[in-house]
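Listed in order, the protein sequences are those of chains B and Y. In terms of UniProt numbering, the first sequence opens at residue 1 and continues consecutively. In terms of UniProt numbering, the second sequence opens at residue 1 and continues consecutively.
Since the hints were derived computationally from the structure, they do not count as laboratory data. Where hints are given, some of them may not hold.
Note: identical chains are not told apart, hence a pair may lie in one copy or across any two.
Stated by the list, open to error - Simulated pairs of lysine to any residue, SDA-like, Cα-Cα distance not exceeding 25 Å: (1) Lys201 - Glu160; (2) Lys292 - Leu91; (3) Lys219 - Gly254; (4) Lys67 - Phe98; (5) Lys289 - Asp93; (6) Lys289 - Asn253; (7) Lys201 - Glu89; (8) Lys292 - Asp249; (9) Lys25 - Cys101; (10) Lys25 - Thr154; (11) Lys289 - Val260; (12) Lys25 - Ser65; (13) Lys45 - Pro250; (14) Lys168 - Asp93; (15) Lys78 - Gly133; (16) Lys289 - Pro250; (17) Lys78 - Ser95; (18) Lys45 - Asp249; (19) Lys168 - Asp236; (20) Lys289 - Ser196; (21) Lys63 - Gly23; (22) Lys67 - Arg182.
2 protein chains.
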Amino acid sequence: MPGEDVDDTFKILIATDIHLGYGEKDAIRGNDSLVAFEEILDNGKKHDVDFILLGGDLFHENKPSRKILHGCLALLRKYCMGDKPIQYEFLSDQSVDFSHCQFPILNHEDQNLNVATPVLSIHGNHDDPTGQGNLCALDLLHTAGFVNYFGKTTSLEKIEISPLLLQKGSTKMALYGLGSIRDERLHRMFLHKNVSMLRPKEDKDDWFNMFVIHQNRAKHGATNYIPEQFLDDFLDLVIWGHEHECRIDPEWNGIQNFYVSQPGSSIATSLSEGETAKKHIGLLQVKGKDFKMTKIPLETVRHLYGSI
Amino acid sequence: MPGEDVDDTFKILIATDIHLGYGEKDAIRGNDSLVAFEEILDNGKKHDVDFILLGGDLFHENKPSRKILHGCLALLRKYCMGDKPIQYEFLSDQSVDFSHCQFPILNHEDQNLNVATPVLSIHGNHDDPTGQGNLCALDLLHTAGFVNYFGKTTSLEKIEISPLLLQKGSTKMALYGLGSIRDERLHRMFLHKNVSMLRPKEDKDDWFNMFVIHQNRAKHGATNYIPEQFLDDFLDLVIWGHEHECRIDPEWNGIQNFYVSQPGSSIATSLSEGETAKKHIGLLQVKGKDFKMTKIPLETVRHLYGSI
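Chain B with its partners taken away, still in its complex shape (with noise of 0.2 Å):
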């Protein structure tokens, strides 16, 4: 089981949806969004974990004020800066895997910055890249050496997944993202056979295949949501983003042999019944093909019913 060998034992903090700026005018719970955060950052020290990963839209605006974009580089130098060694290794090459970003490189492999704890994460619809040199809030926190921004995609027409590749002790894992991509777009991409996803040629079968995506799941309409089938059926653990209902114990679909987790919003954004349950993060273990993911209740969120 994970969490036997530590040193063979991925730990990975698992949260999405963060929307910093969410009610940041409002005088009572606009720093809530924030709040969380720090109970995220600070439960990924606590947790000591390998890498902290993101499931898109950690920023509610495509432009954050300056106070959320602020408040973010600080909680970020102050819970991922620090002396904790990286214990796993990155196998693929970053600067294909970072190509669209201006350092593509990790943050922890830049000899000038100290990280301790890694981030990475993909965009969502709220944070997406736009506007000149099509860039999003993610750039400025990866080229501030805060956050590892990957899953961006610049075609239209075809996407090609290509995994980063981290090795701790025996552990091999594949990690997908695909930041978000209008719904209807991508689903039309799918049906056209236009999204692959390369596998590493070596052991192709001793990698944990992870994939972090930010779409609907829930079918809203014909074409706009991703049916679960859509995805290759050799994932072992789908990391859902953008549907803010907490459903993180992980759901076996038998038809394609994987797992959906999807972790829910950190923070309440409206009053559907879905987001009237307590919200959780996920503390994720992974060794070898197996996997466990344990809730971590989030104590800060306040819900938007009710007279906390």
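Starting from the structure of chain B, add chain Y where the hints point.
Positioned in the frame of chain B, the structure of chain Y alone reads:
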């Protein structure tokens, strides 16, 4: 003379009014401000300076566009991080000097950052603190660990300017900074004796006293400028930001017994007479109480007239 004994001589690159983002939507000139900033940073590297001192208005817009902020972060990471050891000591209390910052520490004193060339900057009238949290764009750069933002005052009634105290070999420097304040208000505060400059108690006469200020120097009306005679006469050199005309050669003020150097902007922002001259930055060398300012022409600057 400064420059002869490198161990006792501060080498400082002086620039001001870089106005990142000026004309950024212009199809031809859009990148000019970033190009000029790169030339400035490159000069800092080439001349192996101890630090770079900026006199305000690094940004043209109070809320710089993502493209400009990203470009600025990228240049600072590229040029200011690295293995070069810092050759001077910082003697004053960082937690006081940078008490207005969330990380009240110089970037090169942070064990998690490997800084080769520190940048010190005050804010100007274009990039002054505003809005929630009273933050400015320099706060983002300071918190990201790329700039040391000083000279911010919070009181509207009374200003006490405490100097950063630096020592290199036998040379001691007291560096005073005052970020831009509305001219009329600052003028009135000076008249009412509400602006004071603190001086180190020990070896009072041994310090080279330098003041960086960002205000109107030219008289535009009775009170909307700061007359040089308002400034303390113990100063040795005043670096005057805000005025865009390059008058970087130090001018002697015989009444106050100090020199004033006005570097001018590194980008032409108006068609005025003063902006048609060649743009320069300065290489300032300070040894004991002596200094030398060497003009460095900026080669990439495109003027508003002509067809370069």
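Checked hints:
Taking CA atoms no more than 25 Å apart as the test, Lys201 paired with Glu160 passes inside one copy only; the shortest distance there is 15 Å, against 66 Å between copies. Taking identical chains as interchangeable, the C-alpha atoms of Lys292 and Leu91 lie at most 25 Å apart only when both belong to the same chain, with a minimum of 23 Å there against 52 Å between chains. In the homo-oligomer, the alpha carbons of Lys219 and Gly254 lie at most 25 Å apart inside one protomer (19 Å), although the nearest pairing across protomers, at 79 Å, exceeds that limit. In this homomeric assembly, Lys67 and Phe98 come within 25 Å of each other (Cα to Cα) only across copies, at 18 Å, whereas the closest approach inside a single copy is 28 Å.
In this homomeric assembly, Lys289 and Asp93 come within 25 Å of each other (Cα to Cα) only inside a single copy, at 23 Å, whereas the closest approach across copies is 53 Å. Taking the shortest alpha-carbon separations for Lys289 and Asn253, only the intra-copy value of 17 Å comes in at or below 25 Å, while the best inter-copy value is 76 Å. Proximity of Lys201 and Glu89 under a CA criterion of 25 Å is satisfied intra-copy only: 18 Å inside one chain copy versus 53 Å between copies. For the homomeric pair Lys292 and Asp249, the shortest alpha-carbon distance inside one copy (10 Å) is at most 25 Å, but the shortest distance between copies (68 Å) is not.
In this assembly of identical chains, the alpha carbons of Lys25 and Cys101 lie at most 25 Å apart only when taken from different copies (22 Å versus 32 Å within one copy). Taking CA atoms no more than 25 Å apart as the test, Lys25 paired with Thr154 passes between copies only; the shortest distance there is 23 Å, against 34 Å inside one copy. Taking the shortest alpha-carbon separations for Lys289 and Val260, only the intra-copy value of 15 Å comes in at or below 25 Å, while the best inter-copy value is 69 Å. For a Cα distance limit of 25 Å, the shortest separation of Lys25 from Ser65 qualifies both inside one copy, at 11 Å, and across copies, at 21 Å.
Proximity of Lys45 to Pro250 under the C-alpha cut-off of 25 Å is restricted to the intra-copy arrangement: shortest distance 23 Å within a copy versus 52 Å between copies. With identical chains, the CA atoms of Lys168 and Asp93 are at most 25 Å apart within one copy only, with a shortest distance of 17 Å there and 43 Å across copies. When the C-alpha separation of Lys78 and Gly133 is checked against a cutoff of 25 Å, the pair qualifies only between copies, where the shortest distance is 19 Å, while the shortest distance within a copy is 29 Å. Taking CA atoms no more than 25 Å apart as the test, Lys289 paired with Pro250 passes inside one copy only; the shortest distance there is 15 Å, against 70 Å between copies.
With identical chains, the CA atoms of Lys78 and Ser95 are at most 25 Å apart between copies only, with a shortest distance of 16 Å across copies and 27 Å within one. Taking CA atoms no more than 25 Å apart as the test, Lys45 paired with Asp249 passes inside one copy only; the shortest distance there is 22 Å, against 53 Å between copies. Taking the closest pair of Cα atoms, Lys168 and Asp236 come within 25 Å of each other only inside a single copy of the chain (17 Å); across copies the shortest separation is 59 Å, beyond that limit. With identical chains, the CA atoms of Lys289 and Ser196 are at most 25 Å apart within one copy only, with a shortest distance of 22 Å there and 68 Å across copies.
When the C-alpha separation of Lys63 and Gly23 is checked against a cutoff of 25 Å, the pair qualifies both within a copy, at 14 Å, and between copies, at 20 Å. In this assembly of identical chains, the alpha carbons of Lys67 and Arg182 lie at most 25 Å apart only when taken from different copies (23 Å versus 29 Å within one copy).
The structure meets every hint from the earlier list without exception.
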